[in-house]
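The sequence shown begins at 5 in the numbering used here and counts up one residue at a time.
If you're looking for bench data, these hints aren't it; they were derived computationally from the structure.
Even for Gly, the Cβ is constructed at its ideal location relative to N, Cα and C.
Fair warning: there could be bad hints in the mix.
[As the list claims (entries may be wrong)] Listed next, with one range per pair, are the computed distances between beta-carbon atoms: (1) 33 x 57: 35 to 43 Å; (2) 40 x 10: 27 to 35 Å; (3) 5 x 47: 45 to 53 Å; (4) 60 x 33: 35 to 43 Å; (5) 54 x 33: 42 to 50 Å.
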Amino acid sequence: MAYINRGLRAAPNNPALLNLRREARSAKQREEQQRQSLLEERRRKEAELQARRQEAEPAREISRQPPPVERPSPWWQRQQQQPPAYNESGFNQR
Numbered sequence: 005m006a007y008i009n010r011g012l013r014a015a016p017n018n019p020a021l022l023n024l025r026r027e028a029r030s031a032k033q034r035e036e037q038q039r040q041s042l043l044e045e046r047r048r049k050e051a052e053l054q055a056r057r058q059e060a061e062p063a064r065e066i067s068r069q070p071p072p073v074e075r076p077s078p079w080w081q082r083q084q085q086q087p088p089a090y091n092e093s094g095f096n097q098r
């Protein structure tokens, strides 16, 4: 763009340079519009995703409650397993 502007200062009525400047400006404007539309699309999708998350949050709160967990009783409250009485196992008996 600077090159075109320098050329136009030297030859202000050069149709080729005027046309080049016009084309460069329109290309820059198209790029800006495309960038804006992409930005708006991204914002719209983000807002849509946020809305979905907020809708899903109450359902998640209900299902988030963990099921009751049966905790093992402490060792001092457990029933001690008594070893079998002598000769009750049936091992090596006649």
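Is 42 to 50 Å respected by the C-beta to C-beta distance linking residue 54 and residue 33? Given a distance of about 32 Å, which is not inside 42 to 50 Å, the answer is violated.
Within 35 to 43 Å: is that where the Cβ-Cβ distance between residue 33 and residue 57 falls? At roughly 36 Å between Cβ atoms, residue 57 and residue 33 fall inside 35 to 43 Å, so the hint holds.
For the pair residue 60 and residue 33, does the Cβ-Cβ distance stay inside 35 to 43 Å? holds (41 Å)
Note whether the CB distance of residue 40 and residue 10 lies within 27 to 35 Å or breaks it. Cβ of residue 40 to Cβ of residue 10: about 30 Å, so the range 27 to 35 Å holds.
C-beta pair residue 5, residue 47: status relative to the range 45 to 53 Å that was hinted: violated (30 Å)
When the structure is compared with the earlier hints, violations turn up for hints 3, 5 and for no others.
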